[in-house]
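Asker: Top line first, the protein sequences correspond to chains W and H. Per this note's numbering, the first sequence starts with residue 1, numbered consecutively. Per this note's numbering, the second sequence starts with residue 1001, numbered consecutively.
I should point out that these hints are in silico values taken from the structure, not numbers from a laboratory. Fair warning: there could be bad hints in the mix.
As the list claims (entries may be wrong) - Derived Cβ-Cβ restraints for the label pairs, each shown as a range:
id, chain 1, residue 1, chain 2, residue 2, range
1, W, V64, H, V1100, 38 to 46 Å
2, H, L1151, W, P88, 16 to 24 Å
3, W, V30, H, S1147, 21 to 29 Å
4, W, P88, H, E1144, 38 to 46 Å
5, W, R85, H, F1007, 17 to 25 Å
6, H, M1188, W, Y83, 36 to 44 Å
7, W, D56, H, R1162, 23 to 31 Å
All values reported here derive from a predicted model rather than from experimental measurement. Cβ atoms here follow ideal geometry from the backbone N, Cα and C, with glycine treated the same way.
Listed below, chain by chain, are the residues.
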Amino acid sequence: MAIGWYLAVSAVIFSIGAAGVLVRRSPLVVLLCLELMLNAANLALVAFSRMWGSEDGQVFALIVMVIAACEVTVGLGLIVAMYRRRMPLDVDDLRELQG
Amino acid sequence: MSAVLFFIAAIGAITGAVGVVMLGSQFYSVLALVIHLVALAALFLLLRAEFVAAAQVIVYAGAVMVLYVFVVAYVGGGDEEATRSGLRFLGPLLALALAVELCVALLGTALKGISSKGARFVPGFGTPADIGKLFLTKFLLPFELASLLLLVAAVGAIVLARRRRGLEPDEEREARYHPRLPAWVGSMAEAGGLTRFEEPPAPPAAEPEPESAPIGSQS
Chain W
1 MAIGWYLAVS
11 AVIFSIGAAG
21 VLVRRSPLVV
31 LLCLELMLNA
41 ANLALVAFSR
51 MWGSEDGQVF
61 ALIVMVIAAC
71 EVTVGLGLIV
81 AMYRRRMPLD
91 VDDLRELQG
Chain H
1001 MSAVLFFIAA
1011 IGAITGAVGV
1021 VMLGSQFYSV
1031 LALVIHLVAL
1041 AALFLLLRAE
1051 FVAAAQVIVY
1061 AGAVMVLYVF
1071 VVAYVGGGDE
1081 EATRSGLRFL
1091 GPLLALALAV
1101 ELCVALLGTA
1111 LKGISSKGAR
1121 FVPGFGTPAD
1131 IGKLFLTKFL
1141 LPFELASLLL
1151 LVAAVGAIVL
1161 ARRRRGLEPD
1171 EEREARYHPR
1181 LPAWVGSMAE
1191 AGGLTRFEEP
1201 PAPPAAEPEP
1211 ESAPIGSQS
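This is chain W alone, in the form it adopts within the complex (with noise of 0.2 Å):
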């Protein structure tokens, strides 16, 4: 297959996610959808990594793999500590930082 479906199924992914996090209440799926724009990213990567044969970008998508992990643990700490305070989990409420 050409590259170019890569990109096209990364580029499909990636709205998805966007989709999500725009209409999505929970915090924990807003959370889920940015892994979705993380993983089409990825994707994106080893792509072009495939396309110009240098393993840069594979290096490169490990690395978001990481990145995607500390804002997974961290993102879910939050969301424990919310709900040991009884705080609402909804993104829609939870708008004290909102100007």
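Guided by the hints, dock chain H onto chain W, whose structure is given.
Answerer: Quick look at chain H alone, frame taken from chain W:
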């Protein structure tokens, strides 16, 4: 053959992504993301990125998703109703515009390589040996920074999700009703098996914070 595999994996990945966004229950969303990740690993294999595919399945679909499932079970992920704000209709429109824009960029690009099947395959491309060599030579600094970032994130998650005393109103009330509870109950020292401390001699009203209590001096 590779085209068939590509379409199966791509349809699986897109279906999983749609499932994450559309499914009402948070638990099902997590399971849909697992399907998406496994299909994406198949796409990585088709792009000859063996090590990335293996790391994806083991780290992502294995470890990170287990973390998600634990947190969903802890907070009791029920169904959520749709958002009330205008984003409910605007969000999908914006995403559609983004997808169209990305596809236009893809179709109008002057990059010749994306209509090819990729560079000539060299044996050993994408194997753990090659990736590891790159990590320890060309990309040593990002590698070390990533490991430092992981450490910081792990410590930060422990600090965030730790059990605090004196912050939550319910726990304060509990401390008033059970004043003889030792200060280290629920602390990390107790989890480590250090339960042989004596009762703190201070009266319960002036009980010290567990963080500031000198752990070693009481034994």
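Asker: Work down the list of hints and note, for each, if the structure agrees.
Answerer: Each hint tested on the structure:
1. W:V64 x H:V1100: 38 to 46 Å: Taking Cβ atoms as reference, V64 (chain W) and V1100 (chain H) lie about 25 Å apart, which means the hint is violated.
2. H:L1151 x W:P88: 16 to 24 Å: Hint violated: Cβ distance 32 Å, outside 16 to 24 Å.
3. W:V30 x H:S1147: 21 to 29 Å: holds, 27 Å
4. W:P88 x H:E1144: 38 to 46 Å: holds, 40 Å
5. W:R85 x H:F1007: 17 to 25 Å: Hint violated: Cβ distance 47 Å, outside 17 to 25 Å.
6. H:M1188 x W:Y83: 36 to 44 Å: violated, 20 Å
7. W:D56 x H:R1162: 23 to 31 Å: violated, 39 Å
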